Amino acid sequence: MSDLSQASQTAHIEEAHATTTGISHNKLLMWAFLGSDCMFFGSLIMTFMVYRGKAAGGPRPQDIWDIPYTSISAAVLLLSSLAIVLALTYLQRGNERAFRIWLLATAALGLLFLGGQYYEFTTFYHEGLTLHSSLFGTTFFVLTGFHGTHVGIGVIWLLSLAWMSKRGKIPASRAEMPEIVALYWHFVDIVWIIIFAVVYLIPYKP
Amino acid sequence: MAQVTTTQQGAQYRRSIIWEWITTVDHKKIGILYLFTSLFFFLIGGILAMMIRTQLIVPDNTFLGPATYNEVFTMHGTIMIFLAVMPLNAAFFNFLIPLQIGARDVAFPRLNAFSYWAFLFGGLLILSSFLFGAAPNAGWFGYANLTTLTYSPGINVDFWIFGLQILGIASVASALNFFVTIINMRAPGMRMMRMPVFTWMSLVTAVLLMLAIPSLTIGLVELTFDRYFGTLFFEPNAGASVVLWQHLFWIFGHPEVYIMVLPPFGMISEILPTFSRKPLFGYPFVVYSGIAIGFLSFGVWAHHMFAVGLGPVANSVFATTTMLIAIPTGVKIFNWLGTLWGGSIVIKTPLLFAAGFVGMFTIGGISGVMHASVPVDYWQTDSYFVVAHFHYVLFGGSLMAILGGIYYWYPKMFGRMMNDKLGKIHFWTVLIAFNMTFFPMHFLGIDGMPRRIYTYPDGMGWNFWNMEESIGAYFLGLSMLLFAYNFIHSLRSGEIAPADPWDGRTLEWSIPSPPPAYNFAVVPTVTSRDEFWEMKYGSNEQTADQKTNLNPTVEDERHIHLPPPSYFPLIAAGGLLGMGAGMVMHGDGMAVSWYIFGAGILVLAFGLFGWSFEPNH
Ligand SMILES: [Cu+2]
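So the sequence lines, in the order shown, correspond to chains Y and U.
Just so we're aligned, residue 29 is where the first sequence starts under this note's numbering, counting upward by one.
Just so we're aligned, residue 2 is where the second sequence starts under this note's numbering, counting upward by one.
Derived from the structure by calculation, the hints contain no laboratory data.
Treat each hint with caution, since some may be false.
[Claimed, not checked] Sample of chain U residues facing chain Y (criterion: CB under 8 angstroms; computed from the structure): (1) Ala108; (2) Leu128; (3) Val173; (4) Leu177; (5) Asn185; (6) Gly231; (7) Thr232; (8) Phe234; (9) Arg278.
[Unchecked claim] Here are the computed lysine to aspartate or glutamate pairs in the EDC-like style, where the Cα-Cα straight-line distance is at most 16 angstroms: (10) U:Lys349 to U:Asp421; (11) Y:Lys82 to U:Glu236; (12) Y:Lys197 to Y:Glu207; (13) Y:Lys197 to U:Glu615.
From a predicted model like this one, the values you see are computed outputs, not experimental measurements.
By construction, the Cβ of each residue, glycine as well, lies at the ideal position given by its N, Cα and C atoms.
Just chain Y, with the same shape it has in the complex (with noise of 0.2 angstroms):
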C-alpha cells in the first residue's frame, strides 16, 4: 500500500465525517434535544405554578418541607456537575484511569441524590402525601419523579460509559461521546436549581 492510497482513504473518511458547522451531528443531536426537553420541563413546571399551594386535603409544602435536607441532596448534584468536568479533563489528558474515577463519582453522586429523592418521597408519604392527596401532592411527585427518570437515565448512561472504556473503547481522541454525556448530566442539574427554587424555596402563602 503506497502512501498516496493511504492519504486517499483518509481524506475519504475526513469527508464522511466533515459537517456544515463544525460541530458534530452528535452533538447538536443533543442541544436541539435539550432544546426540546426545556418545554418537556417548561409545560410540567408551569402546571406546577397553576397548581402552587393548593394543598387542600392533604398537608401543606410548609409542614414537611426538610430545607436544609433538600439543599444538601440538591448540592449533591451540583457536585455532580463539578465531578463530570474533572473526568472529561482526565480523559482529554489521556488518563483514562482517573477519567473512569470521575465519572463513577459522577454517578455515585447522582444515585445519591436519588437515594436522597427516594426517602424523601417516602417520609412525605408517610405524612399524608400522595399522589391524590392534593393537586399539591400530585403535581410535586409527578415533577420532581420526572426529574429523576432524568438522572436515572445519566447515572445507567454514565455507568455504560465508564463499562465502555474499561473495555478501551474511549480514548482521548474518541472524547466525544463523554462530552455528549455531560452536557445533559449539567442541563439536568440546572432544570433541578429551577425546580427547587419554584417547588420548594419560593415561600407558600401560610
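With chain Y fixed as given, assemble chain U with the ligand onto it according to the hints.
Using the frame of chain Y, we list chain U with the ligand on its own:
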C-alpha cells in the same frame, strides 16, 4: 470501511424486496413509505368524512347514531391531522431535504427509520380501536376533564392517548433529525440564504415540532396519570383548573397549524418559480416571514379559548398577536403573486394546484383573521363557520399544495410521469367540489348551525346547504379516486420521466429520476440560489463537472459509503407499540396488560441496545 460498494451491500443484505424495505435506512425509501402509508390513512379519513356528510345530508337522519357520530368525527380529525397531513409533509422532508441540500442521506438514518415505524405503529394503534368498537370519541383536541375517567370511562380515550404519544415520539425524533441534517449536512457553498425555500420551511417546521409537541406530550402524561394512577390534574373537585388542558393543548395546537402549513408554503415556493420560469419573488421576505410565523405561532394559542372567559386583557392580547400573524402570511401571498407576475407561465398540473392553494388559502386566512376579533369569535365559535375556515386552511391550503407537490415530485420519486390531462381534470373537479362542500359552511355557521352535532331538526333553514354540501363531498371523493387511479396507474404505465422534466431550479433535478441510492455521484459545490438553474443557464464554471451527476461512472460509486440497512429501528418501534398496547389493555382491566407493557419495554431496550452496538460503517 469507506470502500464497501453498494453492490456488495446488496448481495449481503437483500434477501427479498420486503426485507429490503423493512430494513431500509435510505431517506428516499423511507419518504416513499411515509407517502404510501399516509395516503392509506388519508383514504380512511376520507371515508369517515363521507360518513359524516351522509349523516348530515338530511335533517333527523339516522345513518349514524350520536355515539358513532362522535367516534367518526373524532377519528376524522385525528387521522387527517396526525396520520395524513403531518406524515405527508414528512414524506417530502424525507425524500427532498437531502436532495435539495446536496447530501447523501440524513444525519441519523436509523433514527429516521425508527420515526417512520413509530408513526406507522402509532397510527395502527389508534385505528385498531375500531376493531374493539372503542374508537376515540372526545374530539381530536380531547378536552380534559371530558376525557377523565369520570366522563370517559371506556378505553376509547386510552387508544387516543397512547396512539398520540407514540406519534409524538416519532415526530420529535424526526424533527431533531431534520434539524441536524439541514444545519449540518449542506453541500459546500450551500449557505443558509441559498437553501431552497422548501428546505427553509422544513427547518422552521422542525423547530416548531421540537418545541410544540412537548406541551401535548406532557398534557397527555398528566391525563394518563389521572386516568391510571388517580392523580388530580384535571379534577375540578380538588380545585383543578378546567382550562389547564386547553392551555397545554393549544400551546401545541396552534403551532401545529403552522407545522401542517409551512411545508406546503415551501412546496408552493418551489413550484411557482419553476412554472413561471423566473426566481421566487423576494426570497428573503419569504424566508424571514416564515421564521416570523414560526415565532409568532407560539403567542396566539388563546384565540382558541376566547369563549372560555379568560378575561378582557388576555383576550385583547391574543386578539392582537393573532392579527399580527396575518402580516407575514400576507407578505407571502404577495411574494407568490409577484413570482407569477410577468413570468412565462407553463400551465401544468402542479402549477394549477399551487395557484389553487394561493386562492383557497387566502380565503381560509381571511376567515381566520375574522375570528381574531373577539366579539366576532363569540358569534362564530363552535359553529360551522369555523369548520369552513379550517378546511380552507387545511384542505384548500395544505392538502392542495401537497397534491401539487405529489404531481411535481412524483417523476423524481418513481421515475415516471403522472398523466397531466387527468391531473388537470383532477384539479378542476377538486376545486369545484371542495368549494361546493365547504363554502356554504360559512353560511350555515352564520345561520347558527353548531359543529359536532350528529343531526339537526327540520325547519331550521339548513336543509338546502347541507344537502348541497354532501353532494359536493361525494363529488370530492370521486375526484380523489381519479387521483388514486392516476397515481397507481402511472407507477407502472406512466411515461418515463427524464431527470429534469419541469426545467427545475434546485439540486434534486440535477440527478437521475429516480435518484441512485447515493444521490449525488459528485457532491455539488453550490455557488448560488437556484443552483441547478444557474448550472443550466448561468455562467457557472462547474457546469461540466456537475453534469457527471447525471451519468455517474461505476468508479465513482465505489467510493461512496452508505449506511447499512438495519432492523433495530423496527424492533425499537415495535417495543413502543407493545408499551402502548399494554397501557390500553390495562385501561380495559386486562390482567395480562402489565406483562405486555413490560415486554414492550424489553423489546424497546433490546432494539436500542442492538442499535447502539451495531457497526455503523
Ligand atoms: Cu390557532
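- prompt: Which of the stated hints cannot be reconciled with the structure, identified by number in ascending sequence?
  reply: Failing hints, ascending: 2 and 9.
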